[in-house]
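Once you've looked at the hints, dock chain B against the given chain A.
Listed below, chain by chain, are the residues.
Protein chains: 2
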Amino acid sequence: MDIRIRPAARRDCDAIANLASALNKQPDERFDPFDADAIRRDGFGSDPQFAVVVAENAAGIVGYALYSEAYETSYAAAGYYLSDIFVVPEARRQGIGRQLVAAVARIARDGGRRFVWWASKESNSEAEAFYDTLGAVSEPVVAHALVFDVFEALAREAPTVAGRHNQADRG
Amino acid sequence: MDIRIRPAARRDCDAIANLASALNKQPDERFDPFDADAIRRDGFGSDPQFAVVVAENAAGIVGYALYSEAYETSYAAAGYYLSDIFVVPEARRQGIGRQLVAAVARIARDGGRRFVWWASKESNSEAEAFYDTLGAVSEPVVAHALVFDVFEALAREAPTVAGRHNQADRG
Numbered sequence: 206m207d208i209r210i211r212p213a214a215r216r217d218c219d220a221i222a223n224l225a226s227a228l229n230k231q232p233d234e235r236f237d238p239f240d241a242d243a244i245r246r247d248g249f250g251s252d253p254q255f256a257v258v259v260a261e262n263a264a265g266i267v268g269y270a271l272y273s274e275a276y277e278t279s280y281a282a283a284g285y286y287l288s289d290i291f292v293v294p295e296a297r298r299q300g301i302g303r304q305l306v307a308a309v310a311r312i313a314r315d316g317g318r319r320f321v322w323w324a325s326k327e328s329n330s331e332a333e334a335f336y337d338t339l340g341a342v343s344e345p346v347v348a349h350a351l352v353f354d355v356f357e358a359l360a361r362e363a364p365t366v367a368g369r370h371n372q373a374d375r376g
Numbered sequence: 206m207d208i209r210i211r212p213a214a215r216r217d218c219d220a221i222a223n224l225a226s227a228l229n230k231q232p233d234e235r236f237d238p239f240d241a242d243a244i245r246r247d248g249f250g251s252d253p254q255f256a257v258v259v260a261e262n263a264a265g266i267v268g269y270a271l272y273s274e275a276y277e278t279s280y281a282a283a284g285y286y287l288s289d290i291f292v293v294p295e296a297r298r299q300g301i302g303r304q305l306v307a308a309v310a311r312i313a314r315d316g317g318r319r320f321v322w323w324a325s326k327e328s329n330s331e332a333e334a335f336y337d338t339l340g341a342v343s344e345p346v347v348a349h350a351l352v353f354d355v356f357e358a359l360a361r362e363a364p365t366v367a368g369r370h371n372q373a374d375r376g
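Chains A and B supply the protein sequences, listed in that same order. In this note's numbering, each number is its position in the first sequence, counted from 1, plus 205. In this note's numbering, each number is its position in the second sequence, counted from 1, plus 205.
So that you can see chain A by itself, here it is in the shape it has in the complex (with noise of 0.2 Å):
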């Protein structure tokens, strides 16, 4: 079965969506905001936040990989932080995640960037597996992240931070 690695359209943000949902549904996920109208606006309208690829087969769109601009101080270097990457059951065990994450570390290559990063949970050995097999180097870290009434209270501590921005402030 022939498998295509393209980017997205616009016309995939269904599909997207659904295998986006599909992913979310882990046991200890409780949002799922990234429906088509979300995908629509925030990574094909006028400031673009991230990129996706997809892979077809005959069947359709079987999985997606979606990343973002990133910058890492230890390499003094631009790449990419891959957020997602899915292949829908059926479809496994065909190299068709490898193939996608190839196409990512591709196109920042391309580019002009040098490395594809992620952050994965502990609990999800299949996908540790398969981490392992691309020759990624895994560490053990901590992710915070502050997010709605803390983000808000927190913003609300500083004034407005005055003087020109550099890129990370356009948007």
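Calculated directly from the structure, the hints in this document are not laboratory data. Note that the coordinates shown come from a computational prediction; the quantities given were computed from them, not determined experimentally. Hints are supplied without guarantee of correctness; some may be wrong.
[What the hints assert, rightly or not] Heads up, simulated EDC-like pairs for lysine to aspartate or glutamate below, C-alpha to C-alpha not over 20 Å straight-line:
1. B:Lys326 / B:Glu344
2. B:Lys326 / A:Glu344
3. A:Lys326 / A:Asp237
4. A:Lys230 / A:Glu295
5. A:Lys230 / A:Asp242
6. B:Lys230 / B:Asp289
7. B:Lys230 / B:Asp242
8. B:Lys326 / B:Asp289
9. A:Lys230 / A:Asp289
10. A:Lys326 / B:Glu327
11. B:Lys326 / B:Asp337
12. B:Lys326 / A:Glu327
13. A:Lys230 / A:Asp240
14. A:Lys326 / B:Glu333
15. A:Lys230 / A:Asp219
16. A:Lys230 / B:Glu344
17. A:Lys326 / B:Glu344
18. A:Lys326 / A:Asp289
19. A:Lys326 / A:Glu344
20. B:Lys326 / A:Glu333
21. A:Lys326 / A:Asp337
22. B:Lys230 / A:Glu344
23. B:Lys230 / B:Asp240
24. A:Lys230 / A:Glu331
[Said to hold, decoys possible] Distance ranges between label pairs, derived from CB positions:
25. A:Val342 / B:Lys230: 15 to 25 Å
26. A:Asp354 / B:Arg211: 25 to 35 Å
27. A:Ala241 / B:Arg209: 38 to 48 Å
28. B:Asn262 / A:Glu362: 14 to 24 Å
29. B:Asn329 / A:Asp354: 18 to 28 Å
30. B:Lys230 / A:Ala324: 23 to 33 Å
31. A:Ala214 / B:Lys230: 38 to 48 Å
32. A:Glu357 / B:Ala358: 37 to 47 Å
33. A:Ala324 / B:Arg216: 29 to 39 Å
34. A:Asn262 / B:Pro294: 49 to 59 Å
35. A:Asp252 / B:Arg209: 22 to 32 Å
36. A:Asp219 / B:Ala227: 46 to 56 Å
37. A:Thr338 / B:Ala263: 50 to 60 Å
38. B:Arg209 / A:Ser330: 42 to 52 Å
Glycine residues also receive a C-beta, built at the ideal position from the N, C-alpha and C atoms.
Just chain B, lined up with the frame of chain A:
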């Protein structure tokens, strides 16, 4: 002693490089390529990959926070990823770290972004205590990176990805 939090300017790159070098002098950090030239190139060039806020007192720049754009599908929202946060030892316990993170949250919120996230090594208990006081939600994860020869080899496995990409490929 008055503290001022402000966006970094090009003239600050040497001071930021000195602080970044101090931050990276942790026992298990092997790389230190993030020097003033790299900061000017990647932060203050034609396509900036990150932004910096600095904390300044009468002694000069005593702390910085470095962040770049991020997207989180779980929230269906844009935010910032905080790569580095550092305050020199002699300026700690004055709330400067909190002011730096609050400034990044404020810049995020003023730009319609909705979270700030970062990853830390489990071994740094002083830092973890600080993150707790911010009210961050924390979760142990595994960080994975494809970099150097492994990244190059995987990129070479994929054909050039044809077609029009969205934002993350403009750089």
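Okay, the hints, checked on the actual structure:
Between Lys326 (chain B) and Glu344 (chain B) the CA atoms are separated by roughly 12 Å; this keeps the pair inside 20 Å, and the hint holds. Distance hint between Lys326 (chain B) and Glu344 (chain A) is fulfilled; the C-alpha atoms sit about 9 Å from each other, no more than 20 Å. With a CA separation close to 17 Å, the supplied pair Lys326 (chain A) and Asp237 (chain A) stays within the 20 Å bound. A hinted pair counts as satisfied when its Cα atoms are at most 20 Å apart, and Lys230 (chain A) with Glu295 (chain A) qualifies at roughly 16 Å.
A distance of roughly 19 Å separates the Cα atoms of Lys230 (chain A) and Asp242 (chain A); the hinted pair therefore holds under the 20 Å criterion. For a cut-off of 20 Å, the pair hint linking Lys230 (chain B) to Asp289 (chain B) stands: about 13 Å separates their Cα positions. At most 20 Å may separate the alpha-carbon atoms for a hinted pair to count; Lys230 (chain B) and Asp242 (chain B) meet this at roughly 19 Å. Under the criterion of a C-alpha separation no larger than 20 Å, the hint pairing Lys326 (chain B) with Asp289 (chain B) is consistent with the structure, at around 12 Å.
A distance of roughly 13 Å separates the Cα atoms of Lys230 (chain A) and Asp289 (chain A); the hinted pair therefore holds under the 20 Å criterion. A distance of roughly 15 Å separates the Cα atoms of Lys326 (chain A) and Glu327 (chain B); the hinted pair therefore holds under the 20 Å criterion. With a CA separation close to 14 Å, the supplied pair Lys326 (chain B) and Asp337 (chain B) stays within the 20 Å bound. Taken as a hint, the Lys326 (chain B) and Glu327 (chain A) pair is honoured in the structure, with Cα atoms around 15 Å apart against an allowance of 20 Å.
With a C-alpha separation of about 13 Å, the suggested pairing of Lys230 (chain A) with Asp240 (chain A) holds against the 20 Å cut-off. Restraint check for Lys326 (chain A) and Glu333 (chain B): satisfied, since their Cα atoms lie roughly 19 Å apart, inside the 20 Å limit. Distance restraint check for Lys230 (chain A) and Asp219 (chain A): the Cα-Cα separation of roughly 17 Å lies within the 20 Å cut-off, and the hinted pair is therefore satisfied. Straight-line distance between C-alpha atoms of Lys230 (chain A) and Glu344 (chain B) comes to about 18 Å, which keeps the hinted pair within the 20 Å bound.
About 9 Å separates the Cα atoms of Lys326 (chain A) and Glu344 (chain B), which keeps this hinted pair within 20 Å; it holds. The hinted pair formed by Lys326 (chain A) and Asp289 (chain A) meets the criterion: a straight-line CA distance of about 12 Å does not exceed 20 Å. The straight-line distance between the Cα atoms of Lys326 (chain A) and Glu344 (chain A) is roughly 12 Å, inside the 20 Å bound, and the hint therefore holds. As the CA atoms of Lys326 (chain B) and Glu333 (chain A) are separated by approximately 19 Å, the hinted pair is consistent with the 20 Å bound.
With a C-alpha separation of about 14 Å, the suggested pair Lys326 (chain A) and Asp337 (chain A) falls inside the 20 Å cut-off, and the hint holds. Simply put, Lys230 (chain B) and Glu344 (chain A) have alpha-carbon atoms about 18 Å apart, close enough for the 20 Å limit, and the pair holds. Our distance criterion of 20 Å between C-alpha atoms is met by Lys230 (chain B) and Asp240 (chain B), whose separation comes to about 13 Å. Between Lys230 (chain A) and Glu331 (chain A) the CA atoms are separated by roughly 16 Å; this keeps the pair inside 20 Å, and the hint holds.
In this structure the hint that Val342 (chain A) and Lys230 (chain B) lie 15 to 25 Å apart at CB holds, the actual value being about 21 Å. Separation of Asp354 (chain A) from Arg211 (chain B) is about 27 Å and conforms to the stated range, judged on CB atoms against 25 to 35 Å. Between Ala241 (chain A) and Arg209 (chain B) the beta carbons are some 45 Å apart, a value that agrees with the proposed interval 38 to 48 Å. As the Cβ distance of Asn262 (chain B) to Glu362 (chain A) is approximately 19 Å, the hint placing it in 14 to 24 Å holds.
A hinted range of 18 to 28 Å holds for the C-beta pair Asn329 (chain B) and Asp354 (chain A), which are about 26 Å apart. For the pair Lys230 (chain B) and Ala324 (chain A), the beta carbons lie near 25 Å from each other, so the given range of 23 to 33 Å is met. Between Ala214 (chain A) and Lys230 (chain B) the Cβ separation comes to about 47 Å, which falls inside the hinted range of 38 to 48 Å. Remark: the range hint 37 to 47 Å for Glu357 (chain A) to Ala358 (chain B) is upheld by a beta-carbon distance near 44 Å.
Between Ala324 (chain A) and Arg216 (chain B), the C-beta spacing of about 35 Å keeps the proposed range 29 to 39 Å intact. The beta-carbon spacing between Asn262 (chain A) and Pro294 (chain B), approximately 57 Å, falls within the hinted interval of 49 to 59 Å. Remark: the range hint 22 to 32 Å for Asp252 (chain A) to Arg209 (chain B) is upheld by a beta-carbon distance near 30 Å. Look at Asp219 (chain A) against Ala227 (chain B): about 49 Å separates their beta carbons, and that is inside 46 to 56 Å.
Remark: the range hint 50 to 60 Å for Thr338 (chain A) to Ala263 (chain B) is upheld by a beta-carbon distance near 54 Å. Against the hinted window of 42 to 52 Å, the Cβ-Cβ separation of Arg209 (chain B) and Ser330 (chain A) comes to about 49 Å, which satisfies the hint.
When held up to the earlier numbered hints, the structure conflicts with none and fits them all.
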